[in-house]
Amino acid sequence: MNDPVLDISGLTVDFGGVPAVRGVDLHLGRGEVLGLVGESGSGKSVTALAAMGLLPAAAHVGGSVRLDGAELVGAGDKALSRVRGNRVAMVFQDPLSAFTPVYRIGDQIVEAIRTHQDLSREKAAARAVELLDLVGIPEPRLRAAAFPHEFSGGMRQRAMIAMAVANNPDVLLADEPTTALDVTVQAQILDVLRTARRETGAALLLVSHDLGVIAGMADRVAVMYAGRIVETAPVDALFAAPRMPYTLGLIGAVPRLDADAEGRLEPLVPIPGAPPAPGALPPGCAFAPRCPLAEDRCRETEPLLTAAGRAGKATHPAGAADPAHLAACVRAEEVGALRPLDVFPVPGTDGALRKAGPGGGRPVADDVLRVTDLARTFPLLKGAIVKRRVGSVHAVDGVDLDIRAGEVLGLVGESGSGKSTTLFEILELRPPERGSVEVLGRSVEGLTRRDARALRAGVQIVFQDPMASLDPRLPVGDIVAEPLRAQHADRALVARRVPELLRRVGLEPAHADRFPHEFSGGQRQRIGIARALAVDPRLLILDEPVSALDVSVQAGILNLLLRLRAELGLAYLFVSHDLSVVRHVADRVGVMYLGRTVETGAVAEVFARPLHPYTQALLSAVPLPDPVRERARTRILLPGDPPSPTSRPSGCPFRSRCQVFAALDPGRKERCTTQAPALAPQGGDHTAACHFPAERAVL
Amino acid sequence: MATAPEALLAEAASDDGLVARPPSRARVTLRRFLAHPTAVAGLAVVALLFVLAFAGPHLTRWSYSDIDYTALRSGPSARHWWGTNRIGQDVFAQTVRGLQKSLIIGLLVGVAATAGAATVGACAGYFGGWTDRLLTFVTDLLLIFPSFLVISVVSPRLKGGGWLVFALLLALFGWMITARVVRSMAISLREREFVRAARYMAVGPLRIIARHIVPNVASFLIIDATIAVGSAVMSETALSYFGFGVQPPDVSLGTLIADGTGAAITYPWMFFFAAGLLVVFVLAVNLVGDGLRDAIDPTSARRRPGRRRAR
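As given, the protein sequences belong to chains L and B, one line each in that order.
Counting from 1, position 565 in the first sequence corresponds to residue 565 in UniProt numbering; the numbering is continuous, with no gaps.
Counting from 1, position 126 in the second sequence corresponds to residue 126 in UniProt numbering; the numbering is continuous, with no gaps.
Derived by calculation from the structure, the hints in this document are not laboratory data.
Incorrect hints may appear among the rest.
So the derived label-pair ranges between C-beta atoms look like this [as the list claims (entries may be wrong)]:
| # | chain 1 | residue 1 | chain 2 | residue 2 | range |
| --- | --- | --- | --- | --- | --- |
| 1 | L | Val18 | B | Val111 | 41 to 47 Å |
| 2 | L | Leu381 | B | Ile223 | 34 to 40 Å |
| 3 | B | Phe137 | L | Pro379 | 22 to 28 Å |
| 4 | L | Arg648 | B | Phe145 | 47 to 53 Å |
| 5 | B | Phe54 | L | Val18 | 38 to 44 Å |
| 6 | B | Ile223 | L | Gly76 | 52 to 58 Å |
| 7 | L | Pro101 | B | Val138 | 50 to 56 Å |
Over 10 Å on every C-beta distance to chain L, these chain B residues come out as not near it, computed from the model [claimed, not checked]:
| # | residue |
| --- | --- |
| 8 | Val28 |
| 9 | Val45 |
| 10 | Ala47 |
| 11 | Ala78 |
| 12 | Ile104 |
| 13 | Tyr200 |
| 14 | Val203 |
| 15 | Val280 |
| 16 | Asn286 |
Going by beta-carbon spacing under 8 Å, a handful of chain B positions derived as facing chain L [said to hold, decoys possible]:
| # | residue |
| --- | --- |
| 17 | Thr70 |
| 18 | Pro215 |
| 19 | Ala263 |
| 20 | Ile296 |
By construction, the Cβ of each residue, glycine as well, lies at the ideal position given by its N, Cα and C atoms.
With the hints as constraints, model all of the structure from the sequences given.
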């Protein structure tokens with residue numbers, strides 16, 4: 001490794017006696033990309049903020065952070081200000097709160113330049129426009145005069161990067177730079193980060209929880225757990241042969257978009273338990289309570305981060321001593337040879353359960369849900385006293401879905417594509433604005449109250465945020481019993497059913513008198529699932545059920561859903577923005593764009609042979625947690641952001657961003673601009689709404 | 001779903017019915033309340049005050065209206081336990097008589113006004129639309145009514161009901177501001193996911209209000225109710241002073257305090273017994289309120305040992 005530009009050693013941070021970071025050593029070489037991975041609460045963001053000296057005064061920072069040999073910890077505000085934004089720059093997660101809302105974007109970049117460089121205002125302004133152009137903002141001269149709220153999320157993140165590289169920093173710190181963004185926009189931003197790094201030659205510390213992003217970007221990776229680095233290695237070595245059980249578990253827990261060599265999906269491997277609370281760390285290795293390989297010596301002293309493989313040379317040639325591969329585990333040599341499934345037992349039959357294979361076809365059964373050409377518009381109102389309608393938001397504009405009993409349909413799309421509105425339109429059980437909705441074989445037109453109540457027992461929902469969807473003031477037992485009581489179940493039945501449901505989702509029946517806040521995120525989502533199962537529904541609607549959870553916990557929930565489905569014969573409508581999760585859970589998939597279904601079909605078919613250009617772009621934008629494959633892929637980068645749903649363009653709504661449309665000759669373009677394509681069968685039950693469907697491998 | 005009952009019964013039969021009934025919110029709340037020592041103490045004090053108020057008149061041979069001409073302004077003694085006032089009435093008899101009135105007026109007004117506020121506010125906020133407009137209109141109307149005038153006009157005509165109706169009148173004019181706050185809280189709660197979840201589970205709107213909306217504004221309601229209890233006793237005094245409400249020779253704590261204020265230094269027994277009981281009463285109600293709030297709010301800062309985050 002060359003001389004490190006940023007050298008963090010023995011960094012400790014505690015907040016009022018509660019340790020958040022407990023001795024972190026990181027060395028960032030010149031021009032290097034270091035990925036810092038960890039789950040929420042592992043201390044990765046605090047580490048990045050501490051390096052910049054941006055922590056609040058309540059935080060107690062120890063150890064040392066050296067930038068080219070100059071100590072930053074304990075340096076005065078003046079000294080730090082000379083460094084911040086000049087030699088070290090930061091890209092934050094939430095670009096909206098990182099810009100001052102009342103100043104123009106261009107002026108804020110000019111300010112950043114002029115704080116550190118002696119440049120005239122005009123020259124700085126010209127430089128700002130240049131920077132905005134570099135990060136791919138169209139019409140940079142005009143956009144420099146815009147205010148932050150006039151930019152979309154992706155554009156703001158681009159501007160943020162422009163500001164960060166304004167002074168040619170030596171080090172860029174990016175704290176979850178793409179977490180709040182949609183996957184196609186994430187691909188754009190990662191591309192911009194690469195460009196920015198190429199232009200400035202800065203070293204990049206990329207903090208992320210997403211192993212796919214890390215696999216695509218980083219040269220080296222450091223894994224954090226409970227405030228410490230538990231493993232660090234070059235990216236290929238880390239993904240190929242991790243030596244810390246936690247890293248192994250993380251890799252095993254991530255659902256993957258690509259299948260293995262035989263075209264099968266590996267079962268997900270959940271890490272049991274939850275990360276320790278920072279105030280209550282176990283003695284010894286912090287991961288020991290969750291580690292199936294833990295021995296007595298693990299619980300006694302905390303293992304140091306050392307180069308593994310010294311002793312293991314003979315037994316495990318692949319893990320030959322590599323001074324760059326460090327792991328904090330006493331059994332690192334053994335772990336290097338293991339696969340996730342060897343270490344983390346998948347409880348019960350979870351691992352064995354596979355969904356129907358691609359050749360299995362659709363089950364012969366009744367439809368539990370049939371939605372045809374559903375539409376929903378919201379009025380845009382203006383005026384304070386007398387409201388007048390100035391336009392409409394076409395939130396849902398032609399959605400077709402059908403789910404048979406026992407089938408799982410994944411509904412994917414980016415934010416604003418109308419997924420949630422579709423769900424709520426179905427669940428309201430009232431006649432839709434346009435089109436038709438049939439639930440369990442009954443049309444929702446002309447339902448009486450009694451009918452609607454009976455129908456609601458057959459369709460239940462699990463929400464995205466388990467904290468918000470559970471009444472904080474109700475004990476868990478009452479929460480789970482609520483749908484039963486709504487169906488007028490008698491008391492004895494409720495009393496028997498609640499413990500049984502809690503056991504079924506993997507919780508202790510004795511916890512029925514606890515309140516939701518006493519549980520961890522994954523457990524709360526289990527409570528939500530138990531509640532939905534209470535009345536034995538036939539269709540479960542899952543609205544992003546795992547997107548608020550950490551990967552290791554998410555795997556457990558996904559396995560639970562798969563098991564419940566096999567045991568109870570449930571049908572799921574699984575809404576998600578995460579294609580890897582959908583790939584893992586669903587039999588069929590529907591892709592939505594701007595309130596319309598653009599492609600449907602069996603998961604294996606659609607993911608292997610996507611026909612609609614949007615599906616292709618979406619799939620190609622999802623990063624794979626596999627550095628070798630991830631770097632070998634060609635990516636379809638969609639330009640710009642989805643257009644506003646307030647205007648309904650003539651013709652195909654996707655054509656403004658479509659890579660196929662851009663390559664068409666003018667004569668054929670005509671068709672896309674004038675005619676909106678309808679969902680047309682493309683062989684089997686694969687349908688796509690495109691005039692020029694063309695197969696393209698993207699994985 | 002059609003197969004549910006049979007399947008469930010079969011499973012239940014195999015379970016031997018050994019499972020304990022899962023505790024409902026009412027029982028959990030009661031348990032948490034009872035585990036709160038100061039709240040239980042407050043409840044005990046309120047109960048003792050009731051005992052004193054209703055058993056007290058039978059313990060002494062003096063009635064609140066009797067006049068002992070041989071003992072004017074005499075201090076506490078074996079004959080007059082808490083002394084007499086300036087026309088020779090027994091202070092103990094008067095105080096317990098007044099305590100009866102004030103306890104009932106205070107609690108009745110506090111509970112009725114808060115319950116009314118919760119109902120109106122939660123319904124207006126949850127249902128929205130025309131219900132909201134109508135209820136908000138009524139609330140605003142009552143808010144701008146001169147309550148003092150209305151009570152002074154109405155109360156002389158209510159000879160039969162007497163001070164009980166007077167208490168209800170006080171409650172009628174005491175709920176509007178609370179209702180407006182509850183309404184705005186209910187509007188934000190209505191959009192929360194757990195309320196939406198309940199709606200999609202076919203829980204009726206009134207049940208949603210009772211089970212989800214009101215408990216989630218309970219902290220505010222309880223604080224409001226405890227304040228309302230104290231202020232109801234005081235506003236009864238103010239109205240009684242102007243000749244409405246409790247009329248002589250009948251007494252309430254408020255009228256006793258008003259009468260005794262001038263003599264607080266020279267003849268302290270005329271003032272301090274009544275005032276002391278009022279302070280004790282309001283304090284006890286506050287303790288009960290605090291305990292109830294902590295019992296209903298599971299996230300309250302009080303941590304009991306042995307109850308850690310579930311793993």
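Hints, verified against the model:
1. L:Val18 x B:Val111: 41 to 47 Å: 43 Å, holds
2. L:Leu381 x B:Ile223: 34 to 40 Å: 37 Å, holds
3. B:Phe137 x L:Pro379: 22 to 28 Å: With a Cβ separation near 25 Å, Phe137 of chain B and Pro379 of chain L satisfy 22 to 28 Å, so the hint holds.
4. L:Arg648 x B:Phe145: 47 to 53 Å: This hint holds: roughly 52 Å between Cβ atoms.
5. B:Phe54 x L:Val18: 38 to 44 Å: Given about 54 Å between the Cβ atoms, the range is violated.
6. B:Ile223 x L:Gly76: 52 to 58 Å: Taking Cβ atoms as reference, Ile223 of chain B and Gly76 of chain L lie about 47 Å apart, which means the hint is violated.
7. L:Pro101 x B:Val138: 50 to 56 Å: 41 Å, violated
8. Val28: 5 Å, violated
9. Val45: Non-interface label stands for Val45 of chain B: nearest chain L Cβ at 27 Å, farther than 10 Å.
10. Ala47: 27 Å, holds
11. Ala78: Ala78 of chain B clear of chain L: closest Cβ-Cβ about 54 Å, beyond 10 Å.
12. Ile104: Label holds. Min Cβ-Cβ 30 Å, cutoff 10 Å.
13. Tyr200: 5 Å, violated
14. Val203: Incorrect as stated: the minimum Cβ-Cβ distance to chain L is 4 Å, not above 10 Å.
15. Val280: About 31 Å separates Val280 of chain B from the closest Cβ of chain L, which puts it past 10 Å; holds.
16. Asn286: Holds: least Cβ distance 21 Å, greater than 10 Å.
17. Thr70: 61 Å, violated
18. Pro215: This hint holds: Pro215 of chain B lies near chain L, its Cβ roughly 4 Å from the closest one there, short of 8 Å.
19. Ala263: 49 Å, violated
20. Ile296: 6 Å, holds
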